[in-house]
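If you read the protein sequences in the order shown, they are chains C and G. Residue numbering for the first sequence follows my numbering, beginning at 1 and increasing consecutively. Residue numbering for the second sequence follows my numbering, beginning at 1001 and increasing consecutively.
Hints are supplied without guarantee of correctness; some may be wrong.
Calculated pairs, SDA-like style, for lysine to any residue (alpha carbon to alpha carbon, straight line, at most 20 Å) [to be verified]: (1) C/K271 to C/I368; (2) C/K178 to C/G163; (3) C/K484 to C/A542; (4) G/K1088 to C/A542; (5) C/K55 to C/R120; (6) G/K1088 to C/I541.
Simulated from the structure, these hints should not be mistaken for lab results.
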Amino acid sequence: MDAARQYSADLLRESERNSRLLVDSIPGLVALLTAAGEVEFANRQILEYTGRTLKELKQWGTNDTVHPDDLPHVIRAFAQSIASGSPYEILQRFRRSDGAYLWFQNNGFPLRDASGRIVRWCVLLTDIDERKHAEDALRESERESRLIVDSIPGFVAVFTPGGEVEFVNRPILEYFGKTLEELKHWGTGGMTHPEDLPRVAELFTHSIVSGDPFEFEVRARRFDGVYRWFQSRGFPLRDTNGQIVRWYNLLIDIDERKRAEQELRRSEARKTAILDSALECIVTIDHEGCITEFNPAAERTFGYRQDEVLGRQLADVIIPPALRARHRQGFARYLATGEARVLGRRIEMTAVRADGSEFPTELAITRIPLDGPPSFTGYMRDITERKRSEEELRRSEAFLAEGQQLSRVGSFSWRVATDEITWSEQLYRIFEIDRDVRVTFEVIGTRVHPEDLSGFTEQIERSRRDGSDVQLEIRLQMPDRTVKYVHIVAHCRDDSGQREYIGAVQDVTRRRRSEEALAKVRSELAYVSRATSLGVLTASIAHEINQPLAGIITNASTCLRMLGADPPDVDGARETARRTIRDGNRAADVMTRLRALFSKKEFSLESVDLNEATREVIALSLSDLRRHRVILQAELADDLPIITGDRIQLQQVILNLLRNASDAMAGVDDRPRHLLIGTEREGEDRVRVVVRDAGVGIDRQGMDKLFDAFYTTKSGGMGIGLFVSRSIVESHQGRLWAEPNDGPGATFSFSIPRAPATVTYPALAGNTKV
Amino acid sequence: MRQRSLVSVVDDDESVRESLPDLLRQLGFVSQAFSSAEAFLASEVVSETSCLILDIAMPGMSGPDLQQELIRRRLKIPIVFITANGDKAVRPRLLAQGAVECLFKPFSEAALLDALNAALGVP
Chain C
1 MDAARQYSAD LLRESERNSR LLVDSIPGLV ALLTAAGEVE FANRQILEYT
51 GRTLKELKQW GTNDTVHPDD LPHVIRAFAQ SIASGSPYEI LQRFRRSDGA
101 YLWFQNNGFP LRDASGRIVR WCVLLTDIDE RKHAEDALRE SERESRLIVD
151 SIPGFVAVFT PGGEVEFVNR PILEYFGKTL EELKHWGTGG MTHPEDLPRV
201 AELFTHSIVS GDPFEFEVRA RRFDGVYRWF QSRGFPLRDT NGQIVRWYNL
251 LIDIDERKRA EQELRRSEAR KTAILDSALE CIVTIDHEGC ITEFNPAAER
301 TFGYRQDEVL GRQLADVIIP PALRARHRQG FARYLATGEA RVLGRRIEMT
351 AVRADGSEFP TELAITRIPL DGPPSFTGYM RDITERKRSE EELRRSEAFL
401 AEGQQLSRVG SFSWRVATDE ITWSEQLYRI FEIDRDVRVT FEVIGTRVHP
451 EDLSGFTEQI ERSRRDGSDV QLEIRLQMPD RTVKYVHIVA HCRDDSGQRE
501 YIGAVQDVTR RRRSEEALAK VRSELAYVSR ATSLGVLTAS IAHEINQPLA
551 GIITNASTCL RMLGADPPDV DGARETARRT IRDGNRAADV MTRLRALFSK
601 KEFSLESVDL NEATREVIAL SLSDLRRHRV ILQAELADDL PIITGDRIQL
651 QQVILNLLRN ASDAMAGVDD RPRHLLIGTE REGEDRVRVV VRDAGVGIDR
701 QGMDKLFDAF YTTKSGGMGI GLFVSRSIVE SHQGRLWAEP NDGPGATFSF
751 SIPRAPATVT YPALAGNTKV
Chain G
1001 MRQRSLVSVV DDDESVRESL PDLLRQLGFV SQAFSSAEAF LASEVVSETS
1051 CLILDIAMPG MSGPDLQQEL IRRRLKIPIV FITANGDKAV RPRLLAQGAV
1101 ECLFKPFSEA ALLDALNAAL GVP
């Protein structure tokens, strides 16, 4: 049994020895540890590498066998593994015999017996120093390249093969103002312009899937919200197996270029739009005179399509044959000498259409300011229409001038702020001022009649102040002292704060002269009117005289018979004789009144009792009124003051009003022909006479004309009664007017002051002195 | 018979109303004067009147109006119109309408008598 155990032990020892020999022969560093982790065996290679004894190696936790920087980490990992029984792998530096530390990979794994109990730990140290250094160098180079990448002004991003952002350089971080983490969500983080995102996402995804490089232009949002254009290019990085390991992405800011491109496009578009929509023909030619552009207006005007004329000689296309030689000469001269006769100027010439018809055109040619051989743009416009309107304008101006001359109306404008005055030709003629004279108020002042000058100046000042309409009649005095009457009307218009009077001046000298003549005629008419009144009154007079005459004769006959009776009736005869005398006196009274009415010719002022005067007129008219079955009612005011005026003329007015009233009722049979004549006091200083009839009335439209001379509604009248009446009333500074009644008929009234301050009598100016 | 005839005078002129009835009485007529046509029509003498001396122009009802009214009433009273209006044109018109005469004031006694005789049917 002992022997067997001994054998067994020997066998084991032999086996261990063999194992150690084996371990020693492994070209690696191997150690065996106890289950508790104590170094039990180190192979020759370890001993040779470290130059330490096994004893020293057992002390690795307290000496410099392990690099001091690695030691805490190694102890912690080792202890943990021993305690837990799980294998470990530690990277650490071991001290070589010469004192240098080399990098090793330290792998430890437990050896277990059949029951699974750990009996030993086997440790394998692999020299990885070279690899480690290579890795460090690589890391260092990567760090450096990152620094480089960070410092280049371009944007560089690195993506994983799956397309996830792995790295971006600093310019990108700064541009976006985002962290790397945020940039990983570039697809949703609002960093790409919404309009570009779908397209870009698709291209990117396609490349990630297919492995093809990508390249696109995209707008990226800067930290301040501004989008800029970038060109984004991506390349895959492949390993030796062709497997994609990374994507490199280079972003180049092309915003300036892009904008320039857009600007160019816009400018091109604008040019095209201008060319297409221009009303003028725009034709561009090169240095050989060949057409390079021919816009739609040109197509319309000349009747060619652009493609028909491009490349053809301009001269052959639009210049009439007769002018082509000259055009070619001029063009050649310019090219040779630079001497331009038409460049930059507007010239008018004749052009020819495709169908051979010629038309006037206005042309401007400019040289296109570009390097290289000269090219030119010509702007052309068909001015047939303009020529015609110019002609029309000239004609209408001529018409206007002619019209102004004929009507003796000149027109003017006056800019208030600058006193700039513009006159029409006729106005110069009216003022008899030379056309070359600049018109100023001073110049005008030399022509205004001295007596009217202050009034004129006042009007100008008033207009200057308030912009009111001007209506003015003044006299002009010409150098030869002839006088002209002019009527000025002007209206102020405010054109954006610039007040300007536009007006007309009419030479009314002729009218004035005819007015004066008319005034003369009027006074004659007034006489006729009186004569007419006289004629009208003849019947009344006859009636008034015949009545008492009838009484006289009848009484005389009776008287004779009474005296001839037997016995004579002396008392009766005496009575009838007395009646005869009375009737004779009555006839004499009529005569007196008539003489008073018709003998006077001069206008004279006297104290007039209007009631009395009215009564006399009534007495004279009564029989006439009666004949017309007019029922007269007189309402004469008791308190009527005595007035100053021309009694006979006022009586004429009253007579006229009564006659008119009577005539107005001549056709009235369905109602009484009531006629009211009344006098009344009007305030303190005026009296009024009212004549109201129940006749046909007046309509409001005819009212204004009522008082015109020769206006009449009567078939037999001359129509001057009211006209003369008004003149008379106005000469008393009174007013005569008419108004329709509420019921049938009309009321004519006149009102005059008790004592007029002065009496003028323009209608009868010829023979009136007051 | 003429001495008993009633000659009515209608005139708005007072001197005629005063003088003419006196002369008519001197000539042997019975006479009565009225200042208006209306007053005459309202009086009791209308049917007794043998002859009417009638002014043409009067306020209210005129002479010719009265003439028409009498015709309407079928009263055949001979009428001698008198007028102070010198318009001779009225005369033929009035005569055509049945008047016996139209005298223009002032008229003579002889002319008046002739008219009255004609009115009363005295040859």
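Hints versus structure:
no., hint, result
1, C/K271 to C/I368, "13 Å, holds"
2, C/K178 to C/G163, "19 Å, holds"
3, C/K484 to C/A542, "53 Å, violated"
4, G/K1088 to C/A542, "12 Å, holds"
5, C/K55 to C/R120, "18 Å, holds"
6, G/K1088 to C/I541, "16 Å, holds"
Going down the numbered hints, you'll see the structure goes against just number 3.
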